[in-house]
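Here is how the chains run, residue by residue.
4 protein chains.
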Amino acid sequence: MIRVAIIGASGYTGAESIKILLRHDGAKLTYLTALPEECGAVEDIFPQFRGRCPMQIEPLDLEMLSDLADVALCCLPHKVSMGYVPKLLNAGLKVIDFGADYRLKDVAVYEKYYVKHTDTENLKHAVFGLPELFRENIEGAKLVANPGCYPTGATLAIAPLLKEGLIETNSIIVNAITGVSGAGIKPSAKFHFPNMNENLFPYGIGTHRHMPEIEQVAGEIAGEKVTVLFQPHAGPFDRGILSTVYCRPKEKVNNDKLLQLYGDFYAGEPFVQICNNAPGVKDVAGTNYCHIFPTCVKGNIVSFSAIDNLVKGASGQAIQNMNIIFNLDETMGLI
Amino acid sequence: MIRVAIIGASGYTGAESIKILLRHDGAKLTYLTALPEECGAVEDIFPQFRGRCPMQIEPLDLEMLSDLADVALCCLPHKVSMGYVPKLLNAGLKVIDFGADYRLKDVAVYEKYYVKHTDTENLKHAVFGLPELFRENIEGAKLVANPGCYPTGATLAIAPLLKEGLIETNSIIVNAITGVSGAGIKPSAKFHFPNMNENLFPYGIGTHRHMPEIEQVAGEIAGEKVTVLFQPHAGPFDRGILSTVYCRPKEKVNNDKLLQLYGDFYAGEPFVQICNNAPGVKDVAGTNYCHIFPTCVKGNIVSFSAIDNLVKGASGQAIQNMNIIFNLDETMGLI
Amino acid sequence: MIRVAIIGASGYTGAESIKILLRHDGAKLTYLTALPEECGAVEDIFPQFRGRCPMQIEPLDLEMLSDLADVALCCLPHKVSMGYVPKLLNAGLKVIDFGADYRLKDVAVYEKYYVKHTDTENLKHAVFGLPELFRENIEGAKLVANPGCYPTGATLAIAPLLKEGLIETNSIIVNAITGVSGAGIKPSAKFHFPNMNENLFPYGIGTHRHMPEIEQVAGEIAGEKVTVLFQPHAGPFDRGILSTVYCRPKEKVNNDKLLQLYGDFYAGEPFVQICNNAPGVKDVAGTNYCHIFPTCVKGNIVSFSAIDNLVKGASGQAIQNMNIIFNLDETMGLI
Amino acid sequence: MIRVAIIGASGYTGAESIKILLRHDGAKLTYLTALPEECGAVEDIFPQFRGRCPMQIEPLDLEMLSDLADVALCCLPHKVSMGYVPKLLNAGLKVIDFGADYRLKDVAVYEKYYVKHTDTENLKHAVFGLPELFRENIEGAKLVANPGCYPTGATLAIAPLLKEGLIETNSIIVNAITGVSGAGIKPSAKFHFPNMNENLFPYGIGTHRHMPEIEQVAGEIAGEKVTVLFQPHAGPFDRGILSTVYCRPKEKVNNDKLLQLYGDFYAGEPFVQICNNAPGVKDVAGTNYCHIFPTCVKGNIVSFSAIDNLVKGASGQAIQNMNIIFNLDETMGLI
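Chains as they are written, first to last, in my numbering: chain W, 296 to 630; chain L, 296 to 630; chain Y, 296 to 630; chain X, 296 to 630.
The following block holds chain W by itself, in its conformation from the complex (with noise of 0.2 Å):
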């Protein structure tokens, strides 16, 4: 059994990774911490364990950890992350970071959208963990970095395009909209229940820091330079990202074309659904699937995409990573 260390448990990814490890017959919890004011009992910290997780979530002890897991689930937010990632690894363990700051390979771009970057030497041997795109990077890879959940609903809904050279890479236009679990379990005025409810507002405008992230991704699987729109939303619900991608396409395609491309390109990918009409977020609430939709309109192609910001935009994808690193069965404890 793999021995799983989750650093930073105390919010809506570490909740999401214990209740998918709970399930999983490869791994097991071994060890939770988080900042001492958001330690104690799982159960009290999170109702929905009671009964079913008889663990503490304690400060970080480094020394502990190296005896105690043989990887980390590392849940902080980006700058905390790359504090502690170095001892992690140190520590000879493997390291899925949740945040954004082994993401980003330009440091220049890192630095502009984020902080001063203190790791570089690590980030430069860090992978970008996106199963399907990079899947053979991942299987040695003692730091992988999980993907943002946006750049994951984005760059699957057009890596085929991307791949096949289709669509004029200035063209992208990613509109996604994502339920609230994505802006973390902080109380916050724009998250308060009586305004975030019947509500649905554009956010990031032109500044979203995953913005940088989906043109990384899309450049590399294209192998070209692409600019990405990318225009965020916050909607009533809480799990869940649609992303509707828009772009021109350098020929004319058309849809049979399309679902032949994307049912080839994703054959035999375990969590990628290519489906034949619209997703919903719904369908695929607490899954770790993806359901892709491409279709012509109008001279353009658009894209669908539908994920769960927490399960393949976040904790399940980081144990597709795990999984994959080990050598287990990729849906293990994901199904």
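Treat the hints as calculated values from the structure; they're not laboratory data.
Bear in mind the structure is a predicted one, so any value in this text is a computation, not a measurement.
Ideal Cβ positions, reconstructed from N, Cα and C, are used throughout, including at glycine.
Some hints could be false.
Simulated pairs of lysine-lysine, BS3-like, Cα-Cα distance not exceeding 30 Å [stated by the list, open to error]:
no. : chain 1 : residue 1 : chain 2 : residue 2
1   : W       : K411      : Y       : K593
2   : L       : K407      : L       : K419
3   : W       : K481      : W       : K458
4   : Y       : K593      : Y       : K458
5   : L       : K481      : W       : K485
6   : X       : K545      : L       : K485
7   : Y       : K552      : W       : K407
8   : Y       : K545      : W       : K547
9   : X       : K458      : X       : K485
10  : L       : K545      : X       : K400
11  : W       : K481      : L       : K374
12  : W       : K485      : W       : K407
13  : W       : K458      : W       : K400
14  : W       : K419      : Y       : K593
15  : W       : K593      : Y       : K547
16  : Y       : K547      : W       : K520
17  : W       : K374      : L       : K545
18  : X       : K552      : L       : K552
19  : X       : K593      : L       : K411
20  : W       : K481      : W       : K323
21  : X       : K485      : X       : K552
22  : L       : K407      : L       : K437
23  : W       : K382      : W       : K437
Stretch by stretch, here's where chain W covers chain L in the computed footprint (C-beta under 8 Å, at least three residues) [to be verified]:
no. : segment
24  : 520–533
25  : 567–573
26  : 577–590
Position chains L, Y and X relative to chain W; hints supplied.
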């Protein structure tokens, strides 16, 4: 035109009062105040008023107040309120207080559930502002204690039974479910969207401050001591309180008699509707109406009432009281 | 007092029109009709009107109509509507039609998206009822085609750009998300609560009937043919449409210039608010306002608009049109 | 591997059963049936199973059934169910029936609330499938009547009190609020999204069919006749039932004694959690757990319980029963 000041205009009851007064033909907003850190243009604080209310919310200046307003809607929290109400009265204004400070006539009970009372003098003269029960007192009042949201729904649901002495006064159970706006505008973990959405839970078990308020009003109607077991719950919607009140009749009654009794009791009341089937909170959302359905079940009487907690349970009722005080049509601004 | 008939009063736009007209100082409801099987007391059909509207919804009697009303709000579905509108006009009434039958000027386009047109004569004289763009035509109109909800939000979002010829007219993408009331009152599997709640999905992909309507209006403003890729989505809330419109400027613009342009274009408009940050659908829920925020992102212009689909997108706009036709204050009943 | 057939797989309890069984290590789905017009690929009927369940839902063929399955989960509506159950039993299968046909032991009571009973023979031998109370009977059962969702939550909330004879058995009031999935998959006006969203209302006043079922089970535990006033409500969420049960103790009790009593009564139960504060429906959503909090309020006992109506209230409990019948670990598939 009656000139209205709102003291503490930066919360949900403030916003609801502004909304109603923008449509009021006999009153106009002249002064809006809040704590300094919550001041600014109404449009910025509440985007729903963009283009509709070109006013500022300002720090309270008591000296200006007496020149600016005839009546103050005092939307301050309990304890804070009784620090200001004497000054508002001294400034010559009529005052309708939204908080609890002037509702409980028994100072000892107030102090048990809240804090030490510092304005017992005005408390003596304050009128409990439930027009359907105490309209005559309200007419000449200088200080009206606007009822709590739960007490409004609960007491209207059973007032005819209490008045006629039809029920055992130690048998009353009030099971109520409120929308989340009742919890106020301040963000908290409990009401963070991903925690509250798809949730429903009881709270204030055995301790809710509206329990003694319901008992006081019920006792006043009944002319004897009344004991109420009041259990509130919060549900995933913005507005509304559904009260399901269980009680035991002293003698056998039937549904026809109940409907007749309620119909007679509330005859001519502009905002009470006796229904012949179950009310829902959406039927009254955004209105000042109370829908009531009393019925017999297995030897008990069950009476359901639905109100909008922000309107009939707060701002609407306050303006109904204002209309009564100033001898305007009671429904003005409230249709 | 203008006397208003609502033809087809048993749906959501009928209810919303009733609600607005109950507060209208210059008009009163005199006649409500529906299909025989949907008739009855307004209070029974819409419990929200208990005590507020003691009227019946009756089967339409054309002979009575001419004596009873000055104007008909015709809330019938397309195809049905054009069977009645000629009779309403012949009865001497002004008509504001909520459906699509009189919106599309090109009969061929209408017949492609809907059915065979049976009243092309009146179609010729019908005025498209978007006051911010066509107020002068509305003033003298006998028949107003009230715009679709999506076209209202989408065209207001970009009208200043089109008018000034600032954008490529073949580059426009309208990504819109509507609340579920837009789907009407008739139950269906898609909008059954447990299917729609916590869900969000695209629909009408490449085929939505509001696409040619947006193109027609946009083309009229621009003075040239406009091609629009319109993609609607449904989200888990009652009211509101958020339109996110992407377009490419012909020349470089900046945010200041955009805000100035929009401010000038909509100067004096009572129901359009140009915002300096992202609008949300809750900001406009229950109001006749349209909030717009145009901005530049990576060489594109993105313009966001929010309206309430039942108010500015239907009943509110109809009554705004009615006010204009009858020379009343345009905002009457709508504040 | 136990081979499982689901009879009537096209509704919400069918889908939930499929979901659980996909994760079950000791059982596998072998046959899914529904009415001919509801048949098709599982993936098409329930998009949540795309890629997860490559089965068809087919019309029932009784002859195949005996070769295909060891147990039938019978998710048919009452009345229909008792037409099939004898055939399923004759085919040699164990049967777990989700409907009401085999729950009420008193045929007269059944026939008062439902229809004429046509299989009284099997009714005699049916076991009421609430494992926490009747586990021993379930172990050897051929036919298990899976309890109703409300009776599950309500009786678990007060079983220790009834067993110990601590409360007046004519004093019990069960106030319950369910999520909308409890109303089934068939669209209706009441549960049309724009009608149900932001709404909450009582229904089945004095007439709900789960009332006699609660009384029967409660009576069995108490060993005497029990009278229950049961009042259900529907709230705007997908899953969960919160039961708030009010009763009067025969003698004074205190909270410590209550918690001890409940702790002892449910010691070792894998799916019952005694809490020391108020449970919420979201804490148990998607799980087979029942969270209970009993407390004393003003001389009464109030006991709260929360379950997921589709899991512990239906499919989860059925599979818990299946596990017991086949001597599997009781929690298999349910963690």
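Do the hints match the structure? See the list:
Using a Cα cut-off of 30 Å, the hinted pair W/K411 and Y/K593 holds, with the two alpha carbons roughly 24 Å apart. Distance hint between L/K407 and L/K419 is fulfilled; the C-alpha atoms sit about 18 Å from each other, no more than 30 Å. Between the alpha carbons of W/K481 and W/K458 the distance comes to roughly 39 Å, so the proposed pair goes past 30 Å and is violated. Of the pairs offered as hints, the one joining Y/K593 and Y/K458 holds, with about 23 Å between alpha carbons and a cut-off of 30 Å not exceeded.
Annotation: proposed proximity of L/K481 to W/K485 holds, straight-line Cα distance about 11 Å (limit 30 Å). Distance hint between X/K545 and L/K485 is unfulfilled; the C-alpha atoms sit about 36 Å from each other, more than 30 Å. The straight-line distance between the Cα atoms of Y/K552 and W/K407 is roughly 26 Å, inside the 30 Å bound, and the hint therefore holds. For the given pair, Y/K545 sits about 25 Å from W/K547 by alpha-carbon distance, which is consistent with the 30 Å threshold.
Under the criterion of a C-alpha separation no larger than 30 Å, the hint pairing X/K458 with X/K485 is inconsistent with the structure, at around 38 Å. As the CA atoms of L/K545 and X/K400 are separated by approximately 34 Å, the hinted pair breaks the 30 Å bound. Annotation: proposed proximity of W/K481 to L/K374 holds, straight-line Cα distance about 29 Å (limit 30 Å). With a C-alpha separation of about 25 Å, the suggested pair W/K485 and W/K407 falls inside the 30 Å cut-off, and the hint holds.
As the CA atoms of W/K458 and W/K400 are separated by approximately 20 Å, the hinted pair is consistent with the 30 Å bound. Taking the CA atoms of W/K419 and Y/K593, the gap is near 29 Å; set against the 30 Å cutoff, the hint holds. The hinted pair formed by W/K593 and Y/K547 meets the criterion: a straight-line CA distance of about 26 Å does not exceed 30 Å. Our distance criterion of 30 Å between C-alpha atoms is met by Y/K547 and W/K520, whose separation comes to about 22 Å.
For the given pair, W/K374 sits about 69 Å from L/K545 by alpha-carbon distance, which is inconsistent with the 30 Å threshold. Simply put, X/K552 and L/K552 have alpha-carbon atoms about 43 Å apart, too far for the 30 Å limit, and the pair is violated. Simply put, X/K593 and L/K411 have alpha-carbon atoms about 24 Å apart, close enough for the 30 Å limit, and the pair holds. At most 30 Å may separate the alpha-carbon atoms for a hinted pair to count; W/K481 and W/K323 meet this at roughly 27 Å.
In summary, the hint linking X/K485 to X/K552 is not supported, as the alpha carbons are separated by about 43 Å, beyond the 30 Å threshold. Taking the CA atoms of L/K407 and L/K437, the gap is near 26 Å; set against the 30 Å cutoff, the hint holds. A C-alpha spacing of about 13 Å is found between W/K382 and W/K437, which places the hinted pair at or below 30 Å, so the restraint holds. Residues of the segment 520–533 of chain L lying with their CB closer than 8 Å to a CB of chain W number 3, which satisfies the three-residue condition for coverage.
Check result for the segment 567–573 of chain L against chain W: violated, 0 residues qualifying (beta carbon to beta carbon below 8 Å, three or more required). Only when three residues or more bring their CB closer than 8 Å to a CB of chain W does the claim for the segment 577–590 of chain L stand; here the count is 0, and the claim is violated.
Hint compliance for this structure: hints 3, 6, 9, 10, 17, 18, 21, 25, 26 are not met, and every other hint is.
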